[in-house]
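**Q** This is what each chain is made of:
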Amino acid sequence: MVGIVLVSHSRKIVEGIRELAAQMAKDAPVALAGGTEDDRLGTDMNKISNAVHDVYSEDGVLVFFDMGSAYMNAQMALDFLEEDGSKVEIVDAAFVEGAITAIVDSGLNKSMDEIKADIASMKLGKMP
Amino acid sequence: MVGIVLVSHSRKIVEGIRELAAQMAKDAPVALAGGTEDDRLGTDMNKISNAVHDVYSEDGVLVFFDMGSAYMNAQMALDFLEEDGSKVEIVDAAFVEGAITAIVDSGLNKSMDEIKADIASMKLGKMP
Amino acid sequence: MAELNQVIGALNHAADIIENNKQHLTELDGAIGDGDHGINMSRGFSFVKKTLDEGSFETAADLFKKSGMALVAHVGGASGPLFGTAFLRASMTLKDKTEITIEDYINLLKASIEGIKMRGKSDAGEKTMLDALIPAYEAGEQAVQQGKNTVEVLQAVKEGSEKGLKETEKLVAKKGRASYVGERSIGHQDPGAASVALILGAIADYFSEA
Amino acid sequence: MAELNQVIGALNHAADIIENNKQHLTELDGAIGDGDHGINMSRGFSFVKKTLDEGSFETAADLFKKSGMALVAHVGGASGPLFGTAFLRASMTLKDKTEITIEDYINLLKASIEGIKMRGKSDAGEKTMLDALIPAYEAGEQAVQQGKNTVEVLQAVKEGSEKGLKETEKLVAKKGRASYVGERSIGHQDPGAASVALILGAIADYFSEA
Ligand SMILES: Nc1ncnc2c1ncn2[C@@H]1O[C@H](COP(=O)(O)OP(=O)(O)O)[C@@H](O)[C@H]1O
Ligand SMILES: Nc1ncnc2c1ncn2[C@@H]1O[C@H](COP(=O)(O)OP(=O)(O)O)[C@@H](O)[C@H]1O
Ligand SMILES: [Mg+2]
Ligand SMILES: [Mg+2]
Ligand SMILES: [Mg+2]
Ligand SMILES: [Mg+2]
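Residue numbers (the UniProt record's numbering), protein chains in the order written: chain Z, 1 to 128; chain E, 1 to 128; chain A, 1 to 210; chain H, 1 to 210.
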């Protein structure tokens, strides 16, 4: 199953998304990277690397982010990844809506490409 | 200032969004309607009505929602509103991204129309 | 067909049937949705019961309106605004009547369908409650045309809803949570349609046994 | 210009200056961003200090790399990956050197600029740290061309960054959090640019006083 990583400045937001999606997809591998190391609002490269690590498999990983620095820290995390980076992708998609669709899709055993097709219409131009 | 109402199945998600946006716009009027009456995942018409009531002014109110039943309950709330419904609008926008932009805009004293223009590119076709 | 106290009795019976099937409805929703439909309906109808118990009603319209508001206010999921709107639309067809005829009942089903379509921006064939309600209405309407008696018409409505419910197994969900799983919803009954069948079945049974 | 222990001294001094200006940086960010830049930088540079204190470094490259990783790992905001990438790119220009010349310093600034542009998908004139760093680099480069001595070049770099910082007041923010307030950012200095000016100023002061 495709792993889903949720990166947000806010721990609450990613916990909420996971809770919501879990109602529809209990088994999908979801990992959270919300807030900074010292639990302020912000993002943390190491939390992101760990999250990718937690849900990594040959099926790939999709990384969703809320805004700005979350994207840069996700990129840094990917630059320093132990795992095969070609299977890990940061996606440009509405955060809540895209993540929920992707989590449900992953739970249905859809492939990376199928999931990306399902969220293609939710692009926001977040990756400058 | 334009009031912003955040309707989500999850209380955590709307609390997180408010927290994030508050860093950039302390004074914007934001009201939350997250979760059901009995604090399950879901939405509640009365919470939405109360939220609109809390941030209502002549400047108008924009209502953001996460998905599905949140929209239907927001519509019901508007149908039964005490306030002038013509000034209250439910918007089709990416939830986190749209709400943060709108809250910052409201804090900058932008009008309903200006805010709607700023989030026009974040439509997802959520209102069928 | 029914005076106000019988309408109250029928709705109370429907509420009990929903309560008895809470687990089943939740399981149906767990398979293709978010697994809360039983909880939502049980909670909503417990407030309908409370409303019926505590209120006094001058007209059938009043009774349906207050019951609808109870559903809208307390369900917490899509079925709240949808069943709520159905009851409110039903209420509007009844005006100041204090008795309901079988024709009124059929009319009220029709108005409910319109209300749900409007609120849910949905239509037949999308694997929703409408797919039980529409065939129920059509069967009832036909039975009236054929000059059947009240109990027979109510039975036709019940059977129409059950047939519709069964047919939802073949449909792909296009609306609501179940639309997230799309094709994977095939083979499962729609939970909202199951609730419709339970409610219309309970009403038929109430008047048949009376 | 500097052996490794002097590089360590200069970076420690920069960290202290950042710490002393924590409140000021946070206020700048509060006006046009999310009000955490001082906290972010203070936290990041406290880990740089820790790294410098606890580590032993064979080369200048090693020193900059570990400092950069400290920033990347502990800042928590956009300035983490951005300053972190700047340090990592600087590290790559230094290779196995154990001493840094003034030309190395100018080269390292240039590489930092490229790193930030790449990481931030940003460029001059967007009201970011680049708008202090680019003029700092240009002033230093020019001073080297003019055959100025080390202290003079460092001073030129410092003044370039301060001039750039001052100029950010006129700019509209196009990147990062401040882009949310757009036009309203005019009249305010960019917090990231202020950090750049503090760091480059601290380095110049360290070697002038030495
Ligand atoms: N747009 C719609 N139109 C008609 N019926 C709908 C619509 N959306 C959902 N439903 C019905 O609601 C049922 C789900 O209700 P429930 O589980 O209580 O709400 P939720 O989906 O919000 O959790 C579905 O089985 C379906 O019959
Ligand atoms: N894309 C970017 N390119 C270059 N610099 C940027 C970019 N985004 C933000 N910055 C810089 O980062 C600074 C803000 O840093 P900080 O407050 O620590 O992070 P955050 O914005 O995540 O809270 C800005 O003042 C700006 O100088
Ligand atoms: Mg449900
Ligand atoms: Mg639900
Ligand atoms: Mg900041
Ligand atoms: Mg920040």
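Take the hints with a grain of salt, since some may be wrong.
Said to hold, decoys possible - Cross-link-like lysine-lysine pairs, in silico, DSS-like; alpha carbons within 27 Å at most:
1. E/LYS26 x H/LYS22
2. A/LYS174 x A/LYS163
3. E/LYS26 x H/LYS148
4. H/LYS95 x H/LYS22
5. A/LYS22 x A/LYS166
6. Z/LYS110 x A/LYS22
Said to hold, decoys possible - A few chain Z positions that, by computed beta-carbon distances, are all more than 10 Å from chain A:
7. GLU83
8. SER111
9. GLY125
Don't read these hints as lab results, they were simulated from the structure. For clarity, every value in this text was computed on a predicted model and none was experimentally measured. A virtual CB, placed ideally from N, CA and C, is assigned to each residue, including glycine.
**Q** Non-interface claim for Z/GLY125: all C-beta distances to chain A beyond 10 Å?
**A** Holds, since 25 Å exceeds 10 Å.
**Q** Between Z/LYS110 and A/LYS22, does the CA-CA distance stay at or below 27 Å?
**A** Roughly 31 Å separates the two Cα atoms, so the pair is violated.
**Q** Determine whether the non-interface label on Z/SER111 survives the test: each CB of chain A must be over 10 Å from its CB.
**A** 15 Å, holds
**Q** Within 27 Å, alpha carbon to alpha carbon, are A/LYS22 and A/LYS166?
**A** 19 Å, holds
**Q** Does the structure keep E/LYS26 and H/LYS22 at a Cα separation of 27 Å or less?
**A** 21 Å, holds
**Q** For Z/GLU83, is the shortest CB-to-CB distance to chain A above 10 Å, so the non-interface label stands?
**A** 28 Å, holds
**Q** Can you confirm whether the C-alpha distance between A/LYS174 and A/LYS163 stays at or below 27 Å?
**A** Given pair A/LYS174, A/LYS163 holds - Cα atoms ~20 Å apart, limit 27 Å.
**Q** Is the straight-line distance between the alpha-carbon of H/LYS95 and that of H/LYS22 27 Å or less?
**A** Violated: H/LYS95 and H/LYS22 sit about 32 Å apart, past 27 Å.
**Q** Has the given pair, E/LYS26 with H/LYS148, been kept, meaning a C-alpha gap of at most 27 Å?
**A** Answer violated: E/LYS26 to H/LYS148 is near 49 Å, above 27 Å.
Hints 3, 4, 6 from the list above are not met by this structure, while the remaining hints are.
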